[in-house]
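Chemist: So the chains spell out like this:
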Amino acid sequence: MAVTDYKFAGTAATVDNGTSVDWSNPDYAKADDTSYASCKVPKNGASDLLTLSNFGFSSSDIPSGSTIDGIEFVMSRYADSDLYYENELYLRKASGRTGSNMASTTIWALSSPTEKTYGGATEMCGTTLTQSDIVASTFGIELATTKNTTFHVDYIKIRVYYTAGGSSVKPYYYYLNQ
Amino acid sequence: MLTLKSKFSEFIELCRKAGACADAGEAIPVMEYANKGNGMKADGTCADGFKLYLDDPKFPEGWAEWVLDKVGKELDEKCRKFFIDKIKDEMTACQVYIKLAPILTTAEDTLLTAKYEGKLPTAEKELRDGIVTRATAEVKP
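Protein chains in written order, with my numbering: chain A, 1 to 178; chain B, 1 to 141.
Treat each hint with caution, since some may be false.
Where chain B lies over chain A, by a calculated footprint (3+ residues, C-beta under 8 angstroms) [as the list claims (entries may be wrong)]: (1) 104-116; (2) 123-129.
So, partial list: chain A residues that the calculated Cβ filter (under 8 angstroms) puts toward chain B [stated by the list, open to error]: (3) Asn44; (4) Asn87; (5) Thr98; (6) Ser100.
List time: in silico EDC-like cross-link candidates among lysine to aspartate or glutamate, alpha-carbon distance up to 20 angstroms [what the hints assert, rightly or not]: (7) Lys43/A - Glu61/B; (8) Lys99/B - Asp82/A; (9) Lys119/B - Asp80/A; (10) Lys125/B - Glu123/A; (11) Lys99/B - Glu88/A; (12) Lys115/B - Glu72/A; (13) Lys93/A - Glu115/A; (14) Lys70/B - Asp82/A.
Since the hints were made in silico from the structure, they are not lab data.
Just so it is clear, CB atoms sit at the ideal spot from N, CA and C, and this is done for glycine as well.
Here chain A stands alone, though its shape is the one from the complex:
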């Protein structure tokens, strides 16, 4: 089994989740730079979705024909009050939200960001993914939170565990053209 480098999102957005509680500065969740996408959730409220996609995986990272073995992602996050946690955390692919809710029951750090790791080498997050799903610009993550505080996300980065497959032997006509 091989693993890619961690990659950051190329695209970030706040997407209506029926709550009208937007994330401010969603683009700030695209890099490890201590700038934060933030969302102030009211009493009895919930945030809209922070969606991150276009992680930039290519066939150089995951060869065509590989089997995807697991997805691992890291979120750097904190909240302005303690005892708060995310409520929805899903992978996304071209068809939209996919798999299981990967949300953690661990409480978000108070006042300063802490990394939390999700998934792993053999964790498919309740879905099936192909190499083409992952190299697509639509592959990514979406996050929503609840409760009465402000949530901050510095970044979410992803890496992919895979087993290379397919043949590396090129057809004869490949060599004829060399």
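Once you have looked at the hints, place chain B on chain A.
Modeler: Showing chain B alone in chain A's frame:
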């Protein structure tokens, strides 16, 4: 301890003392509205009020977690069941299971785990591995 035969107004008072949201459109005024005969007889019982809450989608699921957390120990098991039944969201069920362990019965544990088991890979692993443990004492606000 309140039972299903207790007056619903006693439940409202309990919530008020526990700091229930009293702003326009929030828990207390809406519950008071219900208690004035909207969908239940005036001066109704907790059974009347809780059924109204359970069946009407305009009453948010989030209140169930709040009620169980703040006044759950003042309600008997039959009362609490209305609020547990209102919870559909798997993450809310899991958090109630973790936070309110000291007041939950084995039957309530079973109801809650059935709502999230197999749906929360990260949370369930955290519980299995002991990264997150169930509360052993009352969680203070």
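Chemist: Checking against the hints above, which ones are violated?
Modeler: Numbers 5, 9, 12 and 13, in rising order.
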